[in-house]
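Q: Given chain A, put chain B in place with the hints provided.
If you want the building blocks of each chain, they are given just below.
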Amino acid sequence: MAEGRVVGIDLGTTNSLVAFMQGETPVVIPGVDGSNLVPSVVALDPMPADGSRPTVTVGNSARRALIETPERVVYSVKRLMGRGLGEVQRELKFFPFRLAGDVQEGEVPRIQLGELQFTPPEISAYVLRQLKRNAERYFGAPVTQAVITVPAYFNDAQRQATKDAGRMAGLQVLRLVNEPTAAALAYGLDRAKEGTIAVYDLGGGTFDVSILKLRDGIFEVQSTNGDTHLGGDDIDNLLLTIALDEIHAEHGVDLRQHPGAVQGLRKAAIDAKIRLSAEQSAQFDIELPNGDRYQREIPRGVFEQLIEPVLERTAAPCKQAMTDAGITPEQIDEVVLVGGSTRIPAVRQLVDELFHLAARGKKPHTDLNPDEVVALGAAVQAEILAGTAKNTEDLLLLDVTPLSLGIEALGGVVARIIPRNSTIPASATEHFTTGVDGQTNVAIHVVQGERELAADCRSLARFDLKGIPPMTAGLPRIEVKFLIDADGILQVSAREQRSGKQAQIEVKPTYGLTDEQVESMILESFDNAEADFAARLLIEARNEAESIQSKVELARQHPAWALLTSDEQKMVDAAERHLAKVKAGSDLNALRQGIMVLDQATRRLAELMMDAAVTEAIRGKTMQAAGEDLDEELTAPHPMAPAEFK
Amino acid sequence: MLKVIESAVPVACWSCSVAHNESTLFCPHCSKIQPPSGGDFFSVFGLKPCLNLDLMGLEHEFHRLSRRLHPDRFARASESERQWSLADTALLNDAYRTLRDPIHRTEYLLKLHGAEIGEEHSGKDRKDPSRVPADLLEEVFELNMQLEEMRAARKMGEDDPALLASLEQAKAKFDGLLDEVDESLRAQWRKWDEGDAGARAAAQKEMVALLDRRRYLNNLVRDVTETLGA
Chain A
442 MAEGRVVGID
452 LGTTNSLVAF
462 MQGETPVVIP
472 GVDGSNLVPS
482 VVALDPMPAD
492 GSRPTVTVGN
502 SARRALIETP
512 ERVVYSVKRL
522 MGRGLGEVQR
532 ELKFFPFRLA
542 GDVQEGEVPR
552 IQLGELQFTP
562 PEISAYVLRQ
572 LKRNAERYFG
582 APVTQAVITV
592 PAYFNDAQRQ
602 ATKDAGRMAG
612 LQVLRLVNEP
622 TAAALAYGLD
632 RAKEGTIAVY
642 DLGGGTFDVS
652 ILKLRDGIFE
662 VQSTNGDTHL
672 GGDDIDNLLL
682 TIALDEIHAE
692 HGVDLRQHPG
702 AVQGLRKAAI
712 DAKIRLSAEQ
722 SAQFDIELPN
732 GDRYQREIPR
742 GVFEQLIEPV
752 LERTAAPCKQ
762 AMTDAGITPE
772 QIDEVVLVGG
782 STRIPAVRQL
792 VDELFHLAAR
802 GKKPHTDLNP
812 DEVVALGAAV
822 QAEILAGTAK
832 NTEDLLLLDV
842 TPLSLGIEAL
852 GGVVARIIPR
862 NSTIPASATE
872 HFTTGVDGQT
882 NVAIHVVQGE
892 RELAADCRSL
902 ARFDLKGIPP
912 MTAGLPRIEV
922 KFLIDADGIL
932 QVSAREQRSG
942 KQAQIEVKPT
952 YGLTDEQVES
962 MILESFDNAE
972 ADFAARLLIE
982 ARNEAESIQS
992 KVELARQHPA
1002 WALLTSDEQK
1012 MVDAAERHLA
1022 KVKAGSDLNA
1032 LRQGIMVLDQ
1042 ATRRLAELMM
1052 DAAVTEAIRG
1062 KTMQAAGEDL
1072 DEELTAPHPM
1082 APAEFK
Chain B
206 MLKVIESAVP
216 VACWSCSVAH
226 NESTLFCPHC
236 SKIQPPSGGD
246 FFSVFGLKPC
256 LNLDLMGLEH
266 EFHRLSRRLH
276 PDRFARASES
286 ERQWSLADTA
296 LLNDAYRTLR
306 DPIHRTEYLL
316 KLHGAEIGEE
326 HSGKDRKDPS
336 RVPADLLEEV
346 FELNMQLEEM
356 RAARKMGEDD
366 PALLASLEQA
376 KAKFDGLLDE
386 VDESLRAQWR
396 KWDEGDAGAR
406 AAAQKEMVAL
416 LDRRRYLNNL
426 VRDVTETLGA
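As they're listed, the protein sequences go chains A and B. Taking my numbering, the leading residue of the first sequence gets 442, the next gets one more, and so forth. Taking my numbering, the leading residue of the second sequence gets 206, the next gets one more, and so forth.
Looking at chain A on its own, in the form it has when it is part of the complex (with noise of 0.2 Å):
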């Protein structure tokens, strides 16, 4: 049997996108609505009467539930993965979410979803099965392997946890690849381009530099920088702020005790920072609980004025990146725009200064969608994987580690292995030996990061070296191999050189799950089988008929419905009926064809459902239980939107 097709994902921190090569092109995969994007929301449906397992959305659908039922949703879940409970719990302060109660330090954080409890990898598992469901829909077969992208600047343990999130989703990731270095594969493919690359990637939570060289189809990183904490999301929250302040002092309410209510404001402070980037102002109008309306401009000089801080945080990566790479900006000959954030002006502005563009008569690359060249890139290195097309014959990724890897010694201090912005693979080789006569065991503790001081610097995993035959203090001499892989993730082992033993290593990862771990929380689903295939598209499309049938029933109850015309009623009723039918057969297309026409015929009373949503809460009508249900130690004020205003 011919293996499947290898598609590309972007696992991004706002959407996630799935992208294959058709033909000699990268295009992405819609999906059912119709939308290239999907947001990385995840929500639990309610709790069904019987107590078997809530259903799991994925989504649009689940970012409508974010206003309804806040407490059921889980967003921009890329920030938790990878990461300890000390760094949860600081990231957590930017997030409404709430952590399972009884997580222990050491242990990999769990969420509290409604009534369950997921992993960072799981949630992710969930955005991942959909996009990998959206490509078998579109291919009619199915699709196990995959290329995911990670942020450049993403350290072991964050890669470690995107692998894991594949493998649960019931996808072989073949490998990691990261976005900077896709998008300039996306950009690179159908010219025969020489010279010098820079890639700027401002997306929603992170940011990432990489400078690249290209030469005969070899695309060789020279060094990359960023930050996994700076993004979109920090721009919102600058508007947010202004905004709450404002209304506090003005109309003297306090928004932050409403927690629907910021949820509604920062929707409003997206929407106006988007219109700023076409638009010389923009304005908030929003009516208040006490009947007051807030009304504000903002004109583009003071919006600006108030992101380059943000913006300028930007800049010393890409210094980094240059001098590390050995070069100045002159000897840079293609600027490469990457992530949504990069559709603002005055970043298009710093760029050009940081990089001396205008001054060289040069301008950014945008011609690729921001939001879709990294998916692009991730389909162009599945095809060089699956090393089928002619056109990706020739082409070659040679990418590197973002940070050194380091062995603590004596007092604390690293010893620096594997530089950071070493092409990977790379390996590196140390010895080591024994203190103390018949010592058996010798401790290792691996870190990541550029510090002088282990402590300073990312603890990746202690190893015990074990079974060392018992010698004079100082006689064994154990070798151990450090690898970090393709995907950027450390391999090791060890071997006991005088004896020829091979000493048994213990690897206890400092975060992370183990395998067993990894095996129990694979998602539930049917067998990959090719003859199933056709029977289980079938079951999840009746699945996915059924969902949408209630959720219809349900929005009749509600006010929005009376506000449609008796045409669109009419229309959404004609739908509805014909779906019932489709579904009680057994034909896939027309079944699929069905669940389209009735999506689009509830689009408007969707946005309808959702606006009166964000009325409700701005009004804080609705979603002050919402914000009882949070931990007190969270310092976040609601259950929506970042916290911290101070």
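Derived by calculation from the structure, the hints in this document are not laboratory data. A hint or two may mislead.
[Claimed, not checked] These stretches of chain B come out as covered by chain A in the derived footprint (C-beta under 8 Å, 3 or more residues):
| # | segment |
| --- | --- |
| 1 | 277 to 283 |
| 2 | 296 to 310 |
[As the list claims (entries may be wrong)] Only pairs whose alpha carbons sit at most 27 Å apart, straight line, appear in this in silico DSS-like list of lysine-lysine:
| # | chain 1 | residue 1 | chain 2 | residue 2 |
| --- | --- | --- | --- | --- |
| 3 | B | Lys253 | A | Lys922 |
| 4 | B | Lys376 | A | Lys760 |
| 5 | B | Lys237 | A | Lys831 |
The structure presented is a predicted model; accordingly, all values stated were derived computationally and were not measured. Yeah, the Cβ is synthetic: ideal placement off N, Cα and C, and Gly gets one too.
A: For chain B alone, coordinates are given in the frame of chain A:
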């Protein structure tokens, strides 16, 4: 321990069983990938140990070998071939990273020949007076005083233009000394590459001393740069 392969041992290819030279990463007969050899970094590129390298040629060979060895080329190959591809590519990358940098290359070659080279990251070196090159003793003492003064001034938020100028001057001087060391190293490269066993031994000894001096100067310059940049 690394070893220089003078006379390569013949081994049989896992795939076609034809014997080949141990240091090759592909079977010359059937072209299949082979497990990593026990050879040194130079042998990865088919080179004898040497210090004057054609860097363009090295890069070209690095790209050529990457195309054949990289795990991307073996994503759907057998488990053992994938493992070998990973190990071979790591070896290739380690070799290229080491050989393309003149200092790393020199250190590596000297270590291959049994020399003890100090470690770049042992920061204690520069505080240890016995490590200070004799001809620099006075200047280093003076410089360290000035650095302390500068840091103290910075802490108080003060600016001392005279001190600043003097530090800049010192930095320029040490930069110049670094250039001299590099020049001397290159001279020794030629002696090593072209000389007989006796000349090589002498060049080795000379290079070990130069590298020590270089490391010392580098640390000094870094200290000054950090203090000035703070």
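Q: Which earlier hints can't be squared with this structure?
A: Violated: none.
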